[in-house]
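A.B. asks: Below, each chain spelled out in residue letters.
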Amino acid sequence: MDFDAAFAKHHPSVFRYLHRLTGDADVAADIAQESFVRLLDHPVPEDKVRAWLFTVATNLVRDRARTRERRLRLLKAGDPALGQAPRPDEELEREESIQRVRRSLEQLGPRDRQLLMLREEGFRYGEIAELIGVAPGSVGQLLARALKRFARVYNDAERTANDERSDGDASHR
Amino acid sequence: MPHIAEGDLLAYLDGELSWVRRSAISEHLDACKACAAELASLEGAAALLSQALEAIEVPAPQLDSSEIKDRSRWISRFAGSVLFKAAVLVLTLGGVGAAAIPGSPVRDWLARSLIEVRGALGLASDAETTALEPQPGVAATSDVATITVSPADGQVVVRLTTPAADATVRVQLVDSDQATVRSRGARYRTGPGWIEVVNAEPGALEIDLPRALRAARVELNGRPIVIKDAATLRLLTAPDSTGSAVVFRVSE
Numbered sequence: 006m007d008f009d010a011a012f013a014k015h016h017p018s019v020f021r022y023l024h025r026l027t028g029d030a031d032v033a034a035d036i037a038q039e040s041f042v043r044l045l046d047h048p049v050p051e052d053k054v055r056a057w058l059f060t061v062a063t064n065l066v067r068d069r070a071r072t073r074e075r076r077l078r079l080l081k082a083g084d085p086a087l088g089q090a091p092r093p094d095e096e097l098e099r100e101e102s103i104q105r106v107r108r109s110l111e112q113l114g115p116r117d118r119q120l121l122m123l124r125e126e127g128f129r130y131g132e133i134a135e136l137i138g139v140a141p142g143s144v145g146q147l148l149a150r151a152l153k154r155f156a157r158v159y160n161d162a163e164r165t166a167n168d169e170r171s172d173g174d175a176s177h178r
Numbered sequence: 137m138p139h140i141a142e143g144d145l146l147a148y149l150d151g152e153l154s155w156v157r158r159s160a161i162s163e164h165l166d167a168c169k170a171c172a173a174e175l176a177s178l179e180g181a182a183a184l185l186s187q188a189l190e191a192i193e194v195p196a197p198q199l200d201s202s203e204i205k206d207r208s209r210w211i212s213r214f215a216g217s218v219l220f221k222a223a224v225l226v227l228t229l230g231g232v233g234a235a236a237i238p239g240s241p242v243r244d245w246l247a248r249s250l251i252e253v254r255g256a257l258g259l260a261s262d263a264e265t266t267a268l269e270p271q272p273g274v275a276a277t278s279d280v281a282t283i284t285v286s287p288a289d290g291q292v293v294v295r296l297t298t299p300a301a302d303a304t305v306r307v308q309l310v311d312s313d314q315a316t317v318r319s320r321g322a323r324y325r326t327g328p329g330w331i332e333v334v335n336a337e338p339g340a341l342e343i344d345l346p347r348a349l350r351a352a353r354v355e356l357n358g359r360p361i362v363i364k365d366a367a368t369l370r371l372l373t374a375p376d377s378t379g380s381a382v383v384f385r386v387s388e
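For the record, the sequence lines run as chains A and B.
Each step along the first sequence adds one to the number in this note's numbering, with nothing skipped, and position 84 is 89.
Each step along the second sequence adds one to the number in this note's numbering, with nothing skipped, and position 223 is 359.
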């Protein structure tokens, strides 16, 4: 296995997958690096590298999530609006939109998120079944449900945000 | 006529079906408005997800495979130095800092590093979080932030990643049992026996290394630049520069 070529080829997609899964670029970068470090120690055949990397990366996310949940209380902060300088409306809207996407993804649950992200990365249903550990015949159904759930949650969140924006505009008139 | 299951409709959309099955579904869709509508709904949901993911995308860090190999070499040196050995991370903030501001990326970054390392070490304390609590009315400044770490197996590595070109780095041996880094505007990553300082701003960057360390080194963008040689420090770019303290400019 040519490690340098494997790294150049797969690092961007592994990072992208991890960032979408975790919503955290720093964690994604760290886990991506860790996945490749493990690949160095456990070379696999060229045609298995991609699936292997995504399997390791997914497992590392799961392990880290368990640790993070225990420590999450240490990240509790006060009112985020305190002390911040006002930002342009456009920037705020973009930030809200990003948060809406992240919150919608978080509401899916880890397995659904993994399923959808692997599909987005172009994995075939058979590969997804192996990576996630489900029966191949069930992948389509699981994906369809996860997709519809995401769309429902995201559209509800967007509707709420639009309603709040109109109420805000109305109260200023 | 029986409708097509949503899983099969998505598989049809994703090209996962055999030619025979695909043809059968195609024929059905021509005749069944409900299934055609369901397919359109799935297609819409898939497009919505793709667009949403594009909106939150960030570029992957520009890394060389050699950095992975360096990390692997260093990890294998520490093999056996289990995360749960006695290593204590203390995170302090010197004075007013951007990290004290709620929502500050520095604050979040430091908090995450703290949480991940302390989590990995099986440690938990609320004491270190008080420094991260919001300070109402405090103006944001790029002030000095300090981070300390205990050695792992008698060794410490400090990695400087893309510091400002006109930063001056002072490395000195101290009578302490912990390594300390003080810098302005940097982000930190830590692990057992190592600190990574990312994007330190111009100005002075100070590194204190315990005199009693068995081994220590400072790396600049992946390249060792200072090593502890017995009781002294050696600046590798200027072999005659040795002593209990060495100073170098990043641009040199």
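Think of the hints as simulated: they come from the structure by calculation, not from any bench.
Some clues are possibly wrong.
[Unchecked claim] Cβ-Cβ distance ranges computed for the label pairs, FRET-style: (1) B:Thr-368 - A:Glu-111: 25 to 35 Å; (2) B:Gly-290 - A:Arg-164: 58 to 68 Å; (3) A:Leu-97 - B:Val-156: 26 to 36 Å.
[Said to hold, decoys possible] With a Cα cut of at most 30 Å, we get these calculated DSSO-like pairs of lysine-lysine: (4) A:Lys-14 - A:Lys-53; (5) B:Lys-205 - A:Lys-53; (6) A:Lys-14 - B:Lys-169; (7) A:Lys-153 - B:Lys-169.
C-beta: ideal position from N, C-alpha, C; glycine also.
A.B. asks: Against each hint, give a clear statement of whether it holds in the structure.
C.D. replies: Structure-based check of all given hints:
1. The given range of 25 to 35 Å is broken by B:Thr-368 and A:Glu-111, whose C-beta atoms sit roughly 52 Å from each other.
2. At about 59 Å, the CB distance of B:Gly-290 to A:Arg-164 agrees with the hint of 58 to 68 Å.
3. As the Cβ distance of A:Leu-97 to B:Val-156 is approximately 53 Å, the hint placing it in 26 to 36 Å is violated.
4. Taking the CA atoms of A:Lys-14 and A:Lys-53, the gap is about 13 Å. The hint holds against a cut of 30 Å.
5. Between B:Lys-205 and A:Lys-53, the direct Cα distance comes to roughly 20 Å. Compliance with the 30 Å bound is thereby established for this hinted pair.
6. For the hint pairing A:Lys-14 with B:Lys-169, the CA-to-CA distance comes to about 43 Å; that exceeds 30 Å, so the pair is violated.
7. Restraint check for A:Lys-153 and B:Lys-169: the C-alpha separation of about 19 Å stays at or below 30 Å, so the hint holds.
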